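Hey, can you work out the whole structure from these sequences and the hints?
Chains as they are written, first to last, in my numbering: chain A, 11 to 230; chain B, 11 to 230; chain C, 541 to 762; chain D, 541 to 762.
Hints were generated in silico from the structure; no laboratory data involved. Computed from a predicted structure; not experimentally measured. Where is the CB? At the ideal position from N, CA and C, for every residue including glycine. Errors might be hidden in some of the hints.
Computed spacing ranges between beta-carbons, pair by pair [as the list claims (entries may be wrong)]:
hint, chain 1, residue 1, chain 2, residue 2, range
1, D, Pro602, A, Lys158, 48 to 56 angstroms
2, D, Arg560, B, Lys83, 39 to 47 angstroms
3, B, Trp27, C, Glu604, 42 to 50 angstroms
4, B, Glu146, D, Ile569, 28 to 36 angstroms
5, A, Leu108, C, Glu615, 20 to 28 angstroms
6, B, Glu109, A, Glu204, 53 to 61 angstroms
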Amino acid sequence: MINKVFNSAEEAIADVWDGSTILFGGFGGAGLPYEIIYALYRQGAKEITAVSNNPGYHEEGIAKLIAHDRISKLLCSFPVQKDSYVFREKFNQGKVDLELIPQGTLAERIRAGGAGIEAFYTPTGVGTEIAEGKDEQEFDGIPCILEKAIKGDFAFIKAKKADRWGNLVYNKSGRNFNPVMAMAGKITIAEVDEIVEVGELDPESIVTPGVFVQRVVKRS
Amino acid sequence: MINKVFNSAEEAIADVWDGSTILFGGFGGAGLPYEIIYALYRQGAKEITAVSNNPGYHEEGIAKLIAHDRISKLLCSFPVQKDSYVFREKFNQGKVDLELIPQGTLAERIRAGGAGIEAFYTPTGVGTEIAEGKDEQEFDGIPCILEKAIKGDFAFIKAKKADRWGNLVYNKSGRNFNPVMAMAGKITIAEVDEIVEVGELDPESIVTPGVFVQRVVKRS
Amino acid sequence: MDKRRLTREQIAKRIAKELREGDVINLGIGIPVLVSNFVSPESEYIYHSEQGVLGMGSLAEPHEADPDLVNASKEPVTLVPGGSFSHSADSFAMVRGKHIDVAILGGMQVSENGDLANWKVKDVGLGGIGGAMDIAIGAKSVYVAMTHTNKDGGPKIVKKLDYPVTALNCVSTIFTDMAVIEVTRDGLVLKEIAPGFTAEEVQKATEPKLILSPNLKEIAIS
Amino acid sequence: MDKRRLTREQIAKRIAKELREGDVINLGIGIPVLVSNFVSPESEYIYHSEQGVLGMGSLAEPHEADPDLVNASKEPVTLVPGGSFSHSADSFAMVRGKHIDVAILGGMQVSENGDLANWKVKDVGLGGIGGAMDIAIGAKSVYVAMTHTNKDGGPKIVKKLDYPVTALNCVSTIFTDMAVIEVTRDGLVLKEIAPGFTAEEVQKATEPKLILSPNLKEIAIS
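Structure representation (structure tokens):
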């Protein structure tokens, strides 16, 4: 019997190693996998390359990891939200590096990583500082820059419901980056509100098929 | 009030011009928009560039258009199905050109066309005749070829249900190419089994949001 | 005659007149989000929000707020009937793939040829891009809503940007507190002027040369 | 001793032993589709079908057939509980993105270094690729099921393909009616031989030099 359900967040993230690349779902607090993030904080892994649309508020979410110098590099579209003072401080101290990425390019690079597309040409960022050092080419008169896939050793995501096969559905805009990160994580760990029987989720409405999910843990 | 519902297949496809590029949804007969295809046959547009996974069986679906010399070029992954004798004949007579494309590359090129991604690097086709004349580059040790976006002047698709905003859900593997073709068609025309009220489709389960659909017609 | 720059609400109200029923619209923060207050309530407009909401409704009342249903500023919002949710890659496929009719964005600078700067203040270490670059290149029409001049009274409509670029050649029309200016291949066309101002005064507050529209008129602010 | 080449069913049965519970599997047409008849019915396997079915079940009985639920050969099939549907781009994202554990494919030729030819007969005008090229490069393990020799008795395992290539360096293991051969960096390793045959006989039917596995054994066909 296939069973991807783990008993606790601790067990689900126990093997994360120092230096891992981790994709963190969520847009602000929506669809953020708080519990596995805090379990990782307690587990202690460091020198993490984090991919996350935001750097966390106050000391919440990945801001907690940043505050304790666990994250050495952040790939992010919007690091300057009000209350993101933890990231700002650590960035100014040189404790964390930043790769700033337009949000659509970030999402597409992650999807590409999950889809076996190694790179793509996008018009986003042409003529901006994002284009620096990147290959530039025109297609049908549209100037584009080359962007590379992002893949994670792990993806930490949040969904609403899962079954033991790892099929997932989400809640509203809590969906955001979670489905593409599920695709791009070598080991994708989903924190969910509810675990249901196999067959209970409507096959037409499953957003992330279990093939993209390795571990599931119920939010406590 | 937004209302994308047309009264008939004839009206919905009336403005298709000679020389258009049309994306045709469907995998074999699953999810095939028969009625708007036959309406197009009656309308008479010719010199069509058709993008379709299959060339149609007997004289069904786009095989009907091919049989009457309406299609001058076909982009396709599998033109040699049993009973695809119409295409084979017309191809051998030089009446229709073929661009043979691996199925995953075909789907991804169409999605790219709908997503504003102008080109991408994929490992599929490296070392094969598909790679001829295409740029080749390695990423992280993975050899890839450059494939370009496919966009349609029109997309003809089949869905199960629509509302007047053009939101769509599909039936089982009748989904196939339809959602990505909806994205990539400048004018996407959806043939559906049923039209429901706005708000009736579950916002979590809408597969193609109305933003990708310009016209809807109910199958008669 | 009363010579007063338009208020933020008046700019928003003016922009609202450009919208057509059925338009799919992305609103930036600042003046842009005010626009939805001035559209006809009898007409249907579809608001897109970058994190994957199509058919975004108004801000949520406290009792209906769901932390998983937010706008781009992370405030709780509602969904209208007909709305739907997408993941971030599909949401930006809508944007980059030219499926959004109108984006209304704030601006720090706009250049003569429609280049836009709106994501980062000059000479400041950190900036946040979010969806700005994708939306600026992706929407079919990009309307910029901003004050005509900066805090020092200097022009924000310039020959060449000296702020960090958001996107090149992307702006369709600039709506300021002094004027409505269309970006065309021939240059910037002054179409409308705030009540009480003259074309000369607008030109003086604008770095590049303005072309006067043959139909030049006053901005209707009623 | 009885010296008989394996039947198609016996090849399928041998391959079935390689599968582990939970494997996500894509089966090509021909011998590959037979494999699912020989896996343990107590174990859960997940079958992927290219047109967007994950969790494909058996062929549909006439009364349950839905023309919108088909396999890659366009035959009506069923969906198992836990199954789901995807559009074609997401379906091939599963493939290309290395989310399929095992692909079992037919073969016309396999080369010494694991290149595969299986989509087009040599010197024939038209061929159909379908999902073959994506699946061959995408699956974590690619098992090829084929007869050891062609109709003329010539080898199908060759030094260099002379049929049109499907994908380079993609085959993990070759299962034929004479042998099980693993593709390794050092070359082709003969692991198992059909009952009654000798390693010399297998070598004779194979163009490149085979390395004999230290654990060389007979294929268990019971």
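Going down the list of hints, with the structure as the test:
1. D/Pro602 with A/Lys158: 48 to 56 angstroms: Distance hint for D/Pro602, A/Lys158 holds at roughly 50 angstroms.
2. D/Arg560 with B/Lys83: 39 to 47 angstroms: holds, 45 angstroms
3. B/Trp27 with C/Glu604: 42 to 50 angstroms: About 48 angstroms separates the Cβ atoms of B/Trp27 and C/Glu604, which means 42 to 50 angstroms holds.
4. B/Glu146 with D/Ile569: 28 to 36 angstroms: holds, 30 angstroms
5. A/Leu108 with C/Glu615: 20 to 28 angstroms: holds, 25 angstroms
6. B/Glu109 with A/Glu204: 53 to 61 angstroms: violated, 47 angstroms
Hint 6 alone, counting from the list given before, is not met by this structure.
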